[in-house]
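Q: The chain contents come next:
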Amino acid sequence: MTKGHASTGKPIPASPKSEDHIIVLGTTPAHERQFMDRLLSYCRRNPAFPIGLALLCFLVTFAGFGRLLWPVELAQPLSATPYLPPNAQNPFGTDTQGRDVLAVTIAGTWLTMRTGIIAAALGTVLGSALGFASGYFGGWVDNVVNWIVDVLLTVPAILILVVIAASIQGQLSSLSMAFIISLLAWRRPTRQVRSQVLVMRNMGYVDTARLSGMSGFEIIVRELVPNLLPYLVAVFVLAVSASILAAVGLQAMGLGPQNEPTLGMTVYWMMYYSAFLQGLWWWIVPPVFVIILLFVGFYMLSSGLDEFANPRLRQDIR
Amino acid sequence: MDLSRIIKRLVLTAFVFFGAATLNFFLPRFSGGDPIAERLAQLGDSGGTMSADALSAMIASYNERFGLDLPIWEQYLNYLWDMMRLDFGYSIAYFPTRVWTLIGQALPWTIGLMITTTLIAFLAGSFLGAFAVWRKNAMTGTLMPLMMVFAAVPFYLVGLLLIFFLGYQLRWFPTGGGFSPLVLPSWELDFAFNVLYHACLPAASIVLSSIGIWALAMRGMMVTVAGQDYMTFARARGLSDRRMFFSYGIRNAILPQVTTLGLALGQVVTGAILVEIVFSYPGLGNLLLQAVRGADYFTVYGIVMILVLTICFVTLVLDLIYPLLDPRVRQGAP
Chain A
410 MTKGHASTGK
420 PIPASPKSED
430 HIIVLGTTPA
440 HERQFMDRLL
450 SYCRRNPAFP
460 IGLALLCFLV
470 TFAGFGRLLW
480 PVELAQPLSA
490 TPYLPPNAQN
500 PFGTDTQGRD
510 VLAVTIAGTW
520 LTMRTGIIAA
530 ALGTVLGSAL
540 GFASGYFGGW
550 VDNVVNWIVD
560 VLLTVPAILI
570 LVVIAASIQG
580 QLSSLSMAFI
590 ISLLAWRRPT
600 RQVRSQVLVM
610 RNMGYVDTAR
620 LSGMSGFEII
630 VRELVPNLLP
640 YLVAVFVLAV
650 SASILAAVGL
660 QAMGLGPQNE
670 PTLGMTVYWM
680 MYYSAFLQGL
690 WWWIVPPVFV
700 IILLFVGFYM
710 LSSGLDEFAN
720 PRLRQDIR
Chain B
3 MDLSRIIKRL
13 VLTAFVFFGA
23 ATLNFFLPRF
33 SGGDPIAERL
43 AQLGDSGGTM
53 SADALSAMIA
63 SYNERFGLDL
73 PIWEQYLNYL
83 WDMMRLDFGY
93 SIAYFPTRVW
103 TLIGQALPWT
113 IGLMITTTLI
123 AFLAGSFLGA
133 FAVWRKNAMT
143 GTLMPLMMVF
153 AAVPFYLVGL
163 LLIFFLGYQL
173 RWFPTGGGFS
183 PLVLPSWELD
193 FAFNVLYHAC
203 LPAASIVLSS
213 IGIWALAMRG
223 MMVTVAGQDY
233 MTFARARGLS
243 DRRMFFSYGI
253 RNAILPQVTT
263 LGLALGQVVT
273 GAILVEIVFS
283 YPGLGNLLLQ
293 AVRGADYFTV
303 YGIVMILVLT
313 ICFVTLVLDL
323 IYPLLDPRVR
333 QGAP
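Protein chains in written order, with this note's numbering: chain A, 410 to 727; chain B, 3 to 336.
No wet-lab data here; the hints were simulated from the structure.
Just to be clear, a hint being listed does not mean it is correct.
Quick look at which bits of chain B chain A covers, simulated, 3 or more residues with Cβ under 8 angstroms [as the list claims (entries may be wrong)]:
#1 96-107
#2 230-239
#3 295-306
Just a few of them, taken from the derived set where beta-carbon distance is under 7 angstroms, the chain B residues facing chain A [to be verified]:
#4 Val13
#5 Phe17
#6 Val18
#7 Gly21
A short list of chain A residues far from chain B (calculated; beta carbon distances all over 10 angstroms) [stated by the list, open to error]:
#8 Pro480
#9 Glu632
#10 Tyr682
A quick note: this is a predicted structure, and the numbers were derived from the prediction, not measured.
We put the CB at the ideal spot given by N, CA and C, even for glycine.
Kindly produce the complete structure, drawing on both the sequences and the hints.
A: See below:
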């Protein structure tokens, strides 16, 4: 229960432990079946997985193709008449600053996803490296890493990020935000990978590798990493959603790129110009809807990946 | 009792506190920001008549007043000492006001909103989650996926939706503020109702989006507990369904939830920050937003320190009371 949705801090609920875990990937008859069959039966048992994947695919398509089909330059202020309700030229209308809301939503989805993926990639790589090292080698390395993670996990990321972002406000771009968020995005991956490695390092094949004269580094790279790869994917997905959460949260406070139409900044601007009081519903609904889809998609995907990714869950069942 | 655990927690708290203070101290100095110069330049811009000489003289005098002309290690020690006494100095934006005064005004709002909503969500969510395992029917079957959706969405987005539908479209609830603008704070019943009425939407957004988290976690625990031998035995003894549900099921399944409650209380603080901003609720979150907007660094750091301390304190208290709840921890069993 210590793992959580970094930075909102919503604790990730224990994976739905339904009793129908019993047939799992990798058990006896499974390797004989076709890959598609296994995938299908997996999806049937974990409907959250395909739903989450579909939602995210939809958003990626929306942001990716949207950029090609719709002029995203319109997301800059003063590119259209302000305060227009949805019309033929601006299907989602325009905001108080004359940005086209459709362009803002497309560009914002793109920027926000990019921020999350960069931050999470850096965080997962650094975190896994630390997690592998501290879990496998133990000793003082483990103590030091564990202490630092303990201290850092006590404080919600967003508080630290507020201090950092507030101190260098003004110079923030959506890229530099990704780097700032990655400063803290490694904490949970470290913890998660470490706890997996603690279990795996006592397994037979690791002993065999050790006896055959492999060095610790070799064992990590050639034995542990390949075995934990699915788990690392799940850790990464969780990290992306946590990073996006942190980015959108910071930006909604105004701590973000002032001249880039990210989703979080859009939320900030709509509060800044009291879009509600002015009744600009077309400015509010699309970005908020996209953010919600984004979070629900990631949440479903990562809870769907849980069984597939967690080697210990798989073992329990055997 | 487990003294070493408590000592470890205390040392950890001290580390967190020290780390946060150090970060607060060094960050602005390394990022090249000069709060006083920035603030005075802003004032100078809006005033329009200040000469460059007068400005630099003023900066020098302010720097002296805030002790910014001392060597950096001396400043650092002074700062740590101030932090230990919880002295956050003056707000830059509202100069003669001390940061503590600002925080003191905002804190009751945040605490009131947070504790109430967290407890409601905790109790209701845990009960619903447990009940969904106990009685599998169509209602609990549709409720759980719905909760999963809400659990994924951050508090403030649910808040935005509630403002939009209930506040703006239906006009059932006020869209922001802690009380009506024309009402004066007093200890009258009317004012209390006014405050409650304004708290409805912010509270609803926190409860709605966190109830699912509790429910899902509780469901996970309850599935495990329901399969235990002692449950079968309890049924064999002919205990009432109600007694089994509460004294055997919930009593055992709720323990991990209590640990999470501690973590969640800390997290709710930060979740509540954005909810307050969305609803312009007069708590710490809104104060933080104002401070960030006004480049009021001392207030920002003061708020962050207070929140960090709260979280450390709550974790400590939970560590202390946990053995009371779980006899297994008390007896030192594995």
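Q: The structure should be examined with respect to each hint, and the outcome stated for every one.
A: Evaluation of the provided hints:
1. Look at the segment 96-107 of chain B against chain A: 0 of its residues bring a Cβ nearer than 8 angstroms to a Cβ of that chain, fewer than three, so the hint is violated.
2. Here the segment 230-239 of chain B counts 0 residues with a CB under 8 angstroms from a CB of chain A, which misses the bar of 3, and the coverage is violated.
3. Taking a C-beta to C-beta cut-off of 8 angstroms, the segment 295-306 of chain B contributes 6 residues in contact with chain A, enough for the three needed, and the coverage statement holds.
4. Interface hint status for Val13(B): violated, as the beta-carbon distance to the closest one in chain A is roughly 10 angstroms, over 7 angstroms.
5. At its closest, the beta carbon of Phe17(B) sits 5 angstroms from a beta carbon of chain A; the interface hint therefore holds under the 7 angstroms criterion.
6. With its C-beta approaching chain A no nearer than about 5 angstroms, Val18(B) sits inside the 7 angstroms limit, and its interface hint holds.
7. Interface restraint check: Gly21(B) against chain A, minimum CB-CB distance 6 angstroms, threshold 7 angstroms, status holds.
8. Every CB of chain B lies more than 10 angstroms from the CB of Pro480(A), the least distance being 27 angstroms, so the non-interface label holds.
9. Listed as outside the interface, Glu632(A) is consistent with that label: its C-beta sits roughly 30 angstroms from the nearest C-beta of chain B, beyond the 10 angstroms cut-off.
10. Consistency note on Tyr682(A): stated as away from chain B, and its beta-carbon is indeed over 10 angstroms from all of that chain's, at 14 angstroms minimum.
Checked against the numbered hints given earlier, this structure breaks hints 1, 2, 4; the rest are met.
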